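Protein chains in written order, with our numbering: chain A, 1 to 183; chain B, 184 to 366.
The set of hints was computed from the structure by calculation and includes no laboratory data.
Please note that the accuracy of each hint is not assured.
The list that follows gives simulated cross-link-like pairs (lysine-lysine, DSSO-like), each with its CA atoms no further than 30 Å apart [stated by the list, open to error]:
(1) B:LYS365 / A:LYS147
(2) B:LYS366 / B:LYS330
(3) B:LYS290 / B:LYS330
(4) A:LYS159 / B:LYS365
(5) A:LYS182 / A:LYS159
(6) B:LYS366 / A:LYS159
(7) A:LYS107 / A:LYS159
(8) A:LYS95 / B:LYS366
(9) A:LYS182 / A:LYS147
(10) A:LYS183 / B:LYS366
(11) B:LYS366 / A:LYS88
(12) B:LYS330 / A:LYS182
(13) A:LYS95 / A:LYS159
(14) B:LYS278 / B:LYS342
(15) B:LYS330 / A:LYS183
(16) B:LYS330 / B:LYS365
(17) B:LYS330 / B:LYS278
(18) A:LYS95 / B:LYS365
(19) B:LYS290 / A:LYS88
(20) B:LYS278 / A:LYS182
(21) B:LYS342 / A:LYS183
(22) B:LYS271 / A:LYS183
(23) A:LYS147 / A:LYS95
(24) A:LYS107 / A:LYS88
(25) A:LYS183 / A:LYS147
(26) B:LYS342 / A:LYS182
(27) B:LYS342 / A:LYS159
(28) B:LYS271 / A:LYS182
(29) B:LYS366 / A:LYS147
(30) A:LYS88 / A:LYS147
Derived DEER-like restraints, expressed as beta-carbon distance ranges [as the list claims (entries may be wrong)]:
(31) A:PRO171 / B:HIS274: 41 to 47 Å
(32) A:SER102 / B:GLY298: 46 to 52 Å
(33) A:HIS91 / B:ASP277: 51 to 57 Å
(34) A:THR87 / B:ASP212: 45 to 51 Å
(35) B:GLU341 / A:THR87: 22 to 28 Å
(36) B:ALA361 / A:HIS44: 28 to 34 Å
(37) A:ASP4 / B:GLU341: 17 to 23 Å
(38) B:SER192 / A:ALA161: 20 to 26 Å
(39) B:THR336 / A:LEU180: 26 to 32 Å
These numbers were taken from a predicted model, which means no experiment stands behind them.
Virtual Cβ for every residue (Gly too), placed ideally from N, Cα, C.
There are 2 protein chains.
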Amino acid sequence: MIFDELAPSRANRLINHGPVVLISCRDGDRTNIMTAAWAMPASHTPPMLAVAIGPSRFTHDLIINSNEFVVNVPGADLLDAVWYCGTKHGHELDKFAECNLSAQNGKEVAAPLIGEAIGAIECRLSSHPTAGDHTIMVGEVVAAWAKAELFETRLLVEKSAAQTLHHLGGPHFCRPGAVLAKK
Amino acid sequence: MIFDELAPSRANRLINHGPVVLISCRDGDRTNIMTAAWAMPASHTPPMLAVAIGPSRFTHDLIINSNEFVVNVPGADLLDAVWYCGTKHGHELDKFAECNLSAQNGKEVAAPLIGEAIGAIECRLSSHPTAGDHTIMVGEVVAAWAKAELFETRLLVEKSAAQTLHHLGGPHFCRPGAVLAKK
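Work the whole structure out from these sequences, hints included.
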């Protein structure tokens, strides 16, 4: 065999390094932010995305109850906030205040956008199938935002401020590197 | 507003740049490979992952019929194969031959692994919920493989041969760049 065997529990680290996102949500007067490394686009028409969230997360029930959430895309400068929002339970914390993040009003959902992000995607919950020990939150994109200097028809990762964080495992992340174009 | 508005149909390009994967599958004597940019881990226990695949893809029905698939993780050296397998319909093509890829036998599934990849994850289909115009194939990891020099407890993206491809949109991809560790 050309490969070496991995424990199945390690397999996900082969595909773990999509861009880390910060999920913000609000249900009534309860607001939270959590870090998610497991997110992907899911549909073109209508535009949809999917985020895997564990049922024990405070954010899990806020999304189920409010039927909406925001996917914020942080740059590498927000590593400390990404770590904090990924390791602290939000039930009794104001993570916007703790992380010095500014809540911005969106257009279609009540959940706040994170002003320091590269961009933010407002989503309405479409379905929430279970996958093992996580729930896949499938959201329809109802509005989307980015900083124009960081996103044209694609994310301009050549610019330092547009460099997303990609989780490799444990405390390790990487930034985007060289851009290549298929000819 | 601190952000500029995007068309909702553009929103997914903010989170599009997880590692591109090559999905291989086999149903009876029909084998195929397709490129997918929309994949993510989905569960720790049991280990599961999710890949969004359009119903018009040849691979879609091969997976539904065979109940299994392999997620292969290509390095940037496989850009031509990634492009080919993402733009050609596999119904009448042998993509292994066309792309000079070597089929390797796995342990738990009949679908072949791609020997030139950094690693490969054998999956049994667990569920396949619909999200808009795509199907989310949720697979349970039944075996996993990687090249030991490229993967320890995480992918060693510092090494050129372990650099995955991340789709930014259109013909543009990036490689992983600098690694950072949260202290």
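Now for the hints, and whether the structure bears them out:
1. B:LYS365 / A:LYS147: holds, 26 Å
2. B:LYS366 / B:LYS330: holds, 28 Å
3. B:LYS290 / B:LYS330: Since the Cα atoms of LYS290 of chain B and LYS330 of chain B sit roughly 16 Å apart, the hinted pair holds (cutoff 30 Å).
4. A:LYS159 / B:LYS365: holds, 22 Å
5. A:LYS182 / A:LYS159: holds, 20 Å
6. B:LYS366 / A:LYS159: With Cα atoms ~24 Å apart, LYS366 of chain B and LYS159 of chain A stay inside 30 Å; holds.
7. A:LYS107 / A:LYS159: holds, 28 Å
8. A:LYS95 / B:LYS366: Within the cut-off at roughly 19 Å; holds.
9. A:LYS182 / A:LYS147: Holds, at roughly 26 Å.
10. A:LYS183 / B:LYS366: violated, 40 Å
11. B:LYS366 / A:LYS88: holds, 16 Å
12. B:LYS330 / A:LYS182: holds, 26 Å
13. A:LYS95 / A:LYS159: Holds - the C-alpha atoms of LYS159 of chain A and LYS95 of chain A are around 27 Å apart, at most 30 Å.
14. B:LYS278 / B:LYS342: holds, 27 Å
15. B:LYS330 / A:LYS183: holds, 29 Å
16. B:LYS330 / B:LYS365: holds, 26 Å
17. B:LYS330 / B:LYS278: Holds - the C-alpha atoms of LYS278 of chain B and LYS330 of chain B are around 22 Å apart, at most 30 Å.
18. A:LYS95 / B:LYS365: With a Cα-Cα distance of about 18 Å, the restraint between LYS95 of chain A and LYS365 of chain B holds, given a limit of 30 Å.
19. B:LYS290 / A:LYS88: The hint is violated at about 39 Å.
20. B:LYS278 / A:LYS182: holds, 18 Å
21. B:LYS342 / A:LYS183: holds, 24 Å
22. B:LYS271 / A:LYS183: Satisfied, since the Cα-Cα distance of roughly 16 Å is no more than 30 Å.
23. A:LYS147 / A:LYS95: OK: LYS147 of chain A and LYS95 of chain A at ~22 Å, within 30 Å.
24. A:LYS107 / A:LYS88: Measuring from Cα to Cα gives roughly 28 Å; hence the hint holds.
25. A:LYS183 / A:LYS147: holds, 28 Å
26. B:LYS342 / A:LYS182: Given pair LYS342 of chain B, LYS182 of chain A holds - Cα atoms ~22 Å apart, limit 30 Å.
27. B:LYS342 / A:LYS159: holds, 23 Å
28. B:LYS271 / A:LYS182: holds, 15 Å
29. B:LYS366 / A:LYS147: Holds: LYS366 of chain B and LYS147 of chain A sit about 29 Å apart, inside 30 Å.
30. A:LYS88 / A:LYS147: holds, 28 Å
31. A:PRO171 / B:HIS274: 41 to 47 Å: Between PRO171 of chain A and HIS274 of chain B, where Cβ atoms are some 45 Å apart, the hint holds.
32. A:SER102 / B:GLY298: 46 to 52 Å: Holds, since SER102 of chain A and GLY298 of chain B (Cβ atoms, about 49 Å apart) stay within the stated range.
33. A:HIS91 / B:ASP277: 51 to 57 Å: Distance hint for HIS91 of chain A, ASP277 of chain B holds at roughly 55 Å.
34. A:THR87 / B:ASP212: 45 to 51 Å: holds, 49 Å
35. B:GLU341 / A:THR87: 22 to 28 Å: holds, 25 Å
36. B:ALA361 / A:HIS44: 28 to 34 Å: holds, 32 Å
37. A:ASP4 / B:GLU341: 17 to 23 Å: The hint (17 to 23 Å, Cβ to Cβ) holds, given that ASP4 of chain A and GLU341 of chain B are roughly 19 Å apart.
38. B:SER192 / A:ALA161: 20 to 26 Å: Distance hint for SER192 of chain B, ALA161 of chain A holds at roughly 24 Å.
39. B:THR336 / A:LEU180: 26 to 32 Å: holds, 28 Å
The structure does not agree with the numbered hints 10, 19 stated previously, though it agrees with the rest.
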